[in-house]
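Trainee: What follows is the residue order along each chain.
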Amino acid sequence: MENVKIPVNVEEFKTQADDNLFVFVDNNTLESEKITAPRYSYWRSVLRIFFKRKSSWVMSILLIIILLMSIIYPMIHPYDEYENILLGIGNLSPSEAIAQMGFDFKWILGTGSFGNSIWYGIWASARTSILLAVICAAINMVLGVLIGAVWGYSKTLDMILNFFYNIIANVPYILLISVLVYIIGSGFGSFVFALTITGWVGIAYFFRTQVLVIRDREYNLASRCLGSPFYRVVGHNIMPYLTSVIMTILATELPSYISMEVFLSYIGIGLSAQTASLGRMISVAQNSFMIYPWSFWPPVVISSIITIVLYVLGQNLADACDPRTHL
Amino acid sequence: MKMYMLKRILLSLVSFFIVVGTVMVLTYSLIDRTMIFQSDGAWKKYSNNEKTMYEQRKYEEYGYLTLEEATDYLKTKYQETDGEAYISNAQYQAAIAAIKTTSREENADLAEFKMKYLKDGYKVNYLPQITSGSKLISSAYLYATKDINVFVRIFTYFSKMFTFETIYDVDDPNLTDRYIRWEWDKRSNMPALVGSGTTHKYLIYFDNKFPFIHQNLFHFHLGISNAEYIGSDVADVMVNSQGEIVKTEQEYPIDLGTGITHKIGYDFHTATYNSGELTLAELTMFNDRYTICKTNGDGLTMLGNSFIMGIIASILAYLFGLPLGVLMARKKDKIADKIGNVYIILIMALPSLAYIFMFSAIGTGLFGLPYKYANAEIKVLAYILPILSLALPSIGSLMKWMRRYVIDQQNSDYVKFAKSQGLSEREVFSTHIARNAFIYIVHGIPGTILGALTGAIITERVYGISGVGNLLTNAVTSYDNGVIVACTVFYTALSIISLILGDILLTKYDPRISLSGGR
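Chains as they are written, first to last, in my numbering: chain A, 1 to 327; chain B, 1 to 519.
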């Protein structure tokens, strides 16, 4: 036993082992916490699933075309509804307009009642509609989701907010919007304000119900027992679970503002005449849509295409955001 | 459960009053009050001081403020002093004359008027005489006004909501014979409750029109219009018959029982008291002062139009939407499901205005159906397109939800268990899947039925059908405050009632659900 040296400390062990074959590993606490798993990136998987569908490709390309047209086109050819009012070329059909004015893209869809070019009009209006939808959706979604999360999580707040929800949800929004538009004017900014001042309430209520359902699940209970503060439970435990729900709301919200603008203009409380909008084009043309169909259908078709594209893209994104589809 | 319902109803009532209050603040306080004269023809005719006074009187009529005029004050003060009429009283004359001069402060009566109302928180205003040379353009007025606050307004609104007719309703000193009694109604050969001194002559009567028994004893008011239907109550506007006046062979009240008939559009049972001067025509027809009658139109009422369209559309929606949703769920990812999904996407994403116009273009172009109600030769056909336009989106949304619920049920463990026990597809579907999937659908049924009463804004506009859907939107664009408040009360009441009914129906359909169960 005297001959055999038992390694008692590191230095002695090192000298005994073959240095070329073994490397000593530190007792690193940070490294030991890591769990080995296949590489998984959530958002990369979302995109992979999203672009697996053919409809996503088609709709994305359509969206890009519409976006480019509605952003660039009005820059090159500014639209003014009353620019040709003295020329006396109101309500010309496309063929009449081209025959009279010579071939130009401007006349490809004929003219409206003031001699305005419908082709220019739809792109300038599409820009307003898309901008309105994006801004309103952004404001309402942020407010709605944040407030909805707190609303669903806190039981005392739930009582108070439910009471207010019953009130706000029952005040006719047509009235609210028209009063606001009356007080602060009907420009683009005030219209956004009118649509967002109570617009988030519906989203918040819907989101509150979703939070309510998973608030008391066991894993959240466990998390709370371990001392997670409120913001961690909501932000880290509940929110990721509801990503696809948020996307589903977004998919219905985005097109809904375009429909809303069209509807409000139709009943006479929409944007002012200074701002070109699809709703105004439709409501101006709707009285004689049987006689001058060319000034009525283009804005209807463009607004329909935009809403469908946004809806389908949103739905596909919502499906892709559900981690269960990532397998 | 009873406690819960009581609490719930009380809470709903509180929020209902707050909604009405909010809307009153929005309409009466936030919108410039001169907007109400936009569509008032009489207002445009007045000028100078008379215009201001007309405005003030209208503000009082529409509930903006309380108005006290110095002339009225003096009249009541000198009504019966020393047994002489106020008009011959020297002090009254002096006070009336003092209004026209700037020395009015020295007149004791006018100073009293001013002091009295200033103390009560009124604002006292004086409009001096306007003259051009020696010609009087506008006379002088002295008046006091006080804005009504929102609580008083809510209180007066709801206290005026239900009224009963009494024999003291008619303010006419010449009417001495005041009574309510049962009489034999020779027109319908049935007994009728007849009043004198009441606003209506026939308080309860029978006739051959639906619902055959009619009453005028008890009235429901929603608020008075100041623009489109000047002076009439919204509740009456909603239930008055529309369309061309139907003229029938009837006896005049003066020769009832003689058998002499005339072709006339009046419904003599609706006669109300006329306190003005009777015309010659009225004297030849009536034997009393109850001469203001309604006419009967051949069209439906506003509420009737909206309800008929809404209810048929809802029935169609349930009839097609539910089976189609089930079909989509059972053929998931097959061709039927795909077609259904395309339809749902189109109906959900398209602006409603867009598909209603597309639909009307298809209906009129391909099938030759009438487009506008007014142009339709057979009026019933004019309802087809609007009803279908209303049904299509409801079918889409019912399909969407039914598909979702059935798929969720199909994947649940108890359905797999039932199948493994050897139950047939049909049995599993009818006893398990359908019954559970319906739970969610049942909740919306009361809302759908009552919602039909609120009408449809775009559909009614596009097809030119006069229903209740556009009352609010028209009122908003013409600043018709009375109608705005009335519509809010009507819609809010319906939505609150349908939510409560929906919850009750839910607990009746599925006993597992308990509303009052605390967590």
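Think of the hints as simulated: they come from the structure by calculation, not from any bench. Errors might be hidden in some of the hints.
Claimed, not checked - Below, computed lysine-lysine pairings styled on BS3-like, alpha-carbon distance capped at 25 Å:
#1 B:K400 / A:K52
#2 B:K379 / B:K247
#3 B:K100 / A:K54
#4 B:K7 / A:K155
#5 B:K334 / A:K52
#6 B:K2 / A:K155
#7 A:K54 / B:K51
#8 B:K416 / A:K52
#9 B:K123 / B:K51
#10 B:K332 / A:K52
#11 B:K263 / B:K294
It should be emphasised that the depicted structure is a prediction, and the values quoted were computed from it without experimental measurement.
Trainee: Decide, hint by hint, whether the structure agrees.
Mentor: Here is what the structure says about each hint:
Pair hint K400 (chain B) plus K52 (chain A) holds up; C-alpha atoms about 24 Å apart against a cutoff of 25 Å. Straight-line distance between C-alpha atoms of K379 (chain B) and K247 (chain B) comes to about 19 Å, which keeps the hinted pair within the 25 Å bound. In summary, the hint linking K100 (chain B) to K54 (chain A) is not supported, as the alpha carbons are separated by about 85 Å, beyond the 25 Å threshold. About 18 Å separates the Cα atoms of K7 (chain B) and K155 (chain A), which keeps this hinted pair within 25 Å; it holds.
A distance of roughly 19 Å separates the Cα atoms of K334 (chain B) and K52 (chain A); the hinted pair therefore holds under the 25 Å criterion. Between K2 (chain B) and K155 (chain A) the alpha-carbon distance is near 24 Å, which keeps this suggested pair within the 25 Å criterion. For the given pair, K54 (chain A) sits about 69 Å from K51 (chain B) by alpha-carbon distance, which is inconsistent with the 25 Å threshold. A C-alpha spacing of about 31 Å is found between K416 (chain B) and K52 (chain A), which places the hinted pair above 25 Å, so the restraint is violated.
Of the supplied pair hints, the one linking K123 (chain B) and K51 (chain B) holds, its CA atoms being roughly 19 Å apart against a limit of 25 Å. Between K332 (chain B) and K52 (chain A) the CA atoms are separated by roughly 20 Å; this keeps the pair inside 25 Å, and the hint holds. Simply put, K263 (chain B) and K294 (chain B) have alpha-carbon atoms about 15 Å apart, close enough for the 25 Å limit, and the pair holds.
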